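Colleague: Based on the sequences and whatever the hints tell you, model everything.
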Amino acid sequence: MFKKILIANRGEIALRIIRACRELGIQTVAVYSEADVRSGYIRHADEHVCIGPPDSTQSYRNIPNVLSAAEITGADAIHPGYGFLAENAHFAEVCESIGMTFIGPTSDQIALLGDKSKARETMLQHGIPVMPGSDGEITNLDQATGIAKKLGYPVIVKASAGGGGRGMRVVGREEELGKAILAAQVEARTTFGHDGVYLEKYFVDPRHVEVQVLADQQGQIIHLGERDCSVQRRYQKLVEESPSPAVDDSLRTEMGKVAVKALKVVKYRNAGTVEFLLDQRRKFYLMEVNTRIQVEHPVTEMVTGIDLIKEQIRVSAGLPLKIRQKDIGLTGHSIECRINAECPDTFKPSPGAVTKFQLPGGPGVRVDTDMEAPGHVHPHYDSMIAKLICHGQDREEALARAHRALGEFIVEGVKTTIPLLRVILSDPDFQKGRVTTGFLDRFVAGRVS
Amino acid sequence: MKSDQRKEIQELVEILAAQNLTEIEVERKDLRIRIRRESLSPPVSLPGALTPPVPSRDPIQVAIEVPEIDQSGFLTVTSPIVGTFYRSPSPDSDPYVEEGDGVHKGQVLCIVEAMKLMNEIECEFDGKVVKILVDTASSVEYGQPLFLIDPGTPA
Numbered sequence: 020m021f022k023k024i025l026i027a028n029r030g031e032i033a034l035r036i037i038r039a040c041r042e043l044g045i046q047t048v049a050v051y052s053e054a055d056v057r058s059g060y061i062r063h064a065d066e067h068v069c070i071g072p073p074d075s076t077q078s079y080r081n082i083p084n085v086l087s088a089a090e091i092t093g094a095d096a097i098h099p100g101y102g103f104l105a106e107n108a109h110f111a112e113v114c115e116s117i118g119m120t121f122i123g124p125t126s127d128q129i130a131l132l133g134d135k136s137k138a139r140e141t142m143l144q145h146g147i148p149v150m151p152g153s154d155g156e157i158t159n160l161d162q163a164t165g166i167a168k169k170l171g172y173p174v175i176v177k178a179s180a181g182g183g184g185r186g187m188r189v190v191g192r193e194e195e196l197g198k199a200i201l202a203a204q205v206e207a208r209t210t211f212g213h214d215g216v217y218l219e220k221y222f223v224d225p226r227h228v229e230v231q232v233l234a235d236q237q238g239q240i241i242h243l244g245e246r247d248c249s250v251q252r253r254y255q256k257l258v259e260e261s262p263s264p265a266v267d268d269s270l271r272t273e274m275g276k277v278a279v280k281a282l283k284v285v286k287y288r289n290a291g292t293v294e295f296l297l298d299q300r301r302k303f304y305l306m307e308v309n310t311r312i313q314v315e316h317p318v319t320e321m322v323t324g325i326d327l328i329k330e331q332i333r334v335s336a337g338l339p340l341k342i343r344q345k346d347i348g349l350t351g352h353s354i355e356c357r358i359n360a361e362c363p364d365t366f367k368p369s370p371g372a373v374t375k376f377q378l379p380g381g382p383g384v385r386v387d388t389d390m391e392a393p394g395h396v397h398p399h400y401d402s403m404i405a406k407l408i409c410h411g412q413d414r415e416e417a418l419a420r421a422h423r424a425l426g427e428f429i430v431e432g433v434k435t436t437i438p439l440l441r442v443i444l445s446d447p448d449f450q451k452g453r454v455t456t457g458f459l460d461r462f463v464a465g466r467v468s
Numbered sequence: 005m006k007s008d009q010r011k012e013i014q015e016l017v018e019i020l021a022a023q024n025l026t027e028i029e030v031e032r033k034d035l036r037i038r039i040r041r042e043s044l045s046p047p048v049s050l051p052g053a054l055t056p057p058v059p060s061r062d063p064i065q066v067a068i069e070v071p072e073i074d075q076s077g078f079l080t081v082t083s084p085i086v087g088t089f090y091r092s093p094s095p096d097s098d099p100y101v102e103e104g105d106g107v108h109k110g111q112v113l114c115i116v117e118a119m120k121l122m123n124e125i126e127c128e129f130d131g132k133v134v135k136i137l138v139d140t141a142s143s144v145e146y147g148q149p150l151f152l153i154d155p156g157t158p159a
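Line by line, the protein sequences give chains A and B.
What the first sequence shows, in this note's numbering, is residues 20 to 468, in sequence order.
What the second sequence shows, in this note's numbering, is residues 5 to 159, in sequence order.
Source of the hints: derived by calculation from the structure; they are not laboratory data.
In this text, all values refer to a predicted model and were calculated from it rather than measured experimentally.
Treat the hints with care, since some could be wrong.
[Unchecked claim] Ranges of calculated distance between the beta carbons of each label pair, as one might list FRET restraints:
no., chain 1, residue 1, chain 2, residue 2, range
1, A, K286, B, A141, 40 to 48 Å
2, B, E124, A, E195, 52 to 60 Å
3, A, H399, B, E124, 24 to 32 Å
4, B, R36, A, P393, 25 to 33 Å
5, B, S92, A, A392, 42 to 50 Å
6, A, P393, B, E126, 33 to 41 Å
7, B, K120, A, H399, 51 to 59 Å
8, A, R57, B, A141, 27 to 35 Å
9, B, D105, A, P393, 39 to 47 Å
No residue lacks a Cβ here, since even glycine has one placed at the ideal position from N, Cα and C.
Modeller: See below:
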């Protein structure tokens with residue numbers, strides 16, 4: 020087992036990982052940029068090292084400084100969290116070459132599954148149902164036009180090096196296709212450094228359902244059920260829940276089998292998430308595989324009782340999974356609300372000093388955050404400042420708890436999405452579980468008009 | 005800054021240090037000088053530390069309020085990377101600089117080693133080394149103060 024882990028991240032996920040290490044008796048090293056000098060997560064670690072200025076490319080994404088911090092503190096493993104270096108295949112490769120354990124899959128797996136177009140191809144070759152689309156990247160407009168015609172409009176142009184909802188363009192008609200491809204390529208080149216794009220059929224109003232997977236180094240792969248993440252604004256998730264209101268036991272078993280099969284194809288290890296789109300006729304299609312622990316992992320933890328971060332650490336240390344697939348069951352219902360420091364009407368970021376930060380409590384309430392008052396929301400980083408996860412015996416109770424807890428959650432000094440979340444949870448369609456990916460954009464549009 | 009003003013400041017800094025004071029302020033018709041000793045960054049717990057760490061370096065900050073004259077004081081050279089600080093190029097050679105040495109722009113002050121790569125840290129300006137803030141073979145983090153330099157042409 021590792022003696023000391025360096026957490027190459029910040030904020031709530033850094034604190035989450037530190038807590039798991041604490042429980043396992045592992046020493047922790049926190050790293051921070053000059054902007055985070057007074058952030059809450061740092062004092063929970065045994066040691067801390069400043070690794071750069073506020074700009075994350077020079078600090079949290081600064082591979083030499085992160086590795087040097089691990090070297091001078093004698094860490095034997097690095098947990099990358101999510102974002103930053105978590106899906107950086109080069110970083111994982113450098114760790115492998117210097118004998119530093121990267122807590123995650125191998126660099127090859129990150130590279131393969133990170134190339135969304137190649138990942139699709141690989142899955143397709145092994146009979147995994149993927150989103151209907153092009154075989155690989157688009158090479159010219161004629162080819163693209165032909166493929167789009169066969170798929171039927173609308174289609175979506177996606178960046179191969181993208182993911183997480185970025186680098187995408189929806190195309191409604193053939194006349195718009197050429198322009199959309201060019202725009203997507205330019206955006207892809209500037210954002211991801213690679214301008215390859217591919218096509219997929221665009222489902223109007225599907226559900227976004229993802230399956231959590233865990234794999235050990237001995238080849239055992241299990242799934243831990245699904246999460247429904249359909250409440251999204253511009254592809255950014257806001258509310259997630261498990262189980263999905265649209266998934267019954269038999270569909271869960273089917274989707275779980277496909278998720279496990281997909282990861283067996285690449286001999287995956289550590290935690291991963293297989294994202295599917297689920298249409299209204301219970302057909303599901305693999306969209307992408309995320310080779311990291313996800314923001315919404317607590318949703319699964321609450322219904323399965325399994326500590327996913329600890330399991331990540333254990334399998335990275337070479338221990339076989341003690342959990343068997345038959346032991347996994349989803350108990351009750353959990354729902355997560357992402358609390359962002361944004362204006363709830365315009366979604367404009369609201370950085371600044373936090374003067375009050377009172378957390379909710381009571382049964383079935385969990386808050387993952389490192390924010391405190393006095394505190395600060397920095398403009399340099401993601402606007403999410405807390406995650407509220409509520410659990411209940413059924414969906415109704417989980418929702419009632421979340422609604423109550425949001426009412427107890429007091430944040431002053433910055434604006435937050437708490438008021439919007441309360442309204443979403445009170446929405447009749449949401450309460451009936453009738454949520455698809457178009458829900459929030461329509462919901463917001465309805466509020467504005 | 006006039007040289008007699010600089011001399012005055014230097015004397016005040018010496019009094020501050022010698023008497024272990026936290027702050028000195030001098031006010032005259034044309035000038036007000038306040039010199040305060042404070043920590044620049046939160047405590048760094050270095051490897052092996054088990055108890056809450058205590059700041060081990062106390063750089064002296066000089067705040068000079070002189071109307072219509074450029075503010076200046078001692079400048080701090082900080083580490084631009086994370087690594088291990090060495091005062092000399094190798095274990096058996098002399099240190100690059102000693103306290104009291106004059107330095108010029110571009111002169112190498114020390115090495116910070118990171119991942120087996122030796123990075124020479126250069127001074128960005130002319131001046132005199134007032135204090136060396138870190139011991140050789142210590143770990144340093146980004147932004148950690150390494151040298152206190154009194155800027156200006158060395159005498």
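Colleague: A separate judgement is required for each hint: does it hold in the structure or not?
Modeller: Hint by hint, here is what the structure shows:
no.: 1; hint: A/K286 / B/A141: 40 to 48 Å; in the structure: holds, 43 Å
no.: 2; hint: B/E124 / A/E195: 52 to 60 Å; in the structure: holds, 55 Å
no.: 3; hint: A/H399 / B/E124: 24 to 32 Å; in the structure: holds, 30 Å
no.: 4; hint: B/R36 / A/P393: 25 to 33 Å; in the structure: holds, 31 Å
no.: 5; hint: B/S92 / A/A392: 42 to 50 Å; in the structure: holds, 47 Å
no.: 6; hint: A/P393 / B/E126: 33 to 41 Å; in the structure: holds, 39 Å
no.: 7; hint: B/K120 / A/H399: 51 to 59 Å; in the structure: violated, 31 Å
no.: 8; hint: A/R57 / B/A141: 27 to 35 Å; in the structure: holds, 29 Å
no.: 9; hint: B/D105 / A/P393: 39 to 47 Å; in the structure: holds, 43 Å
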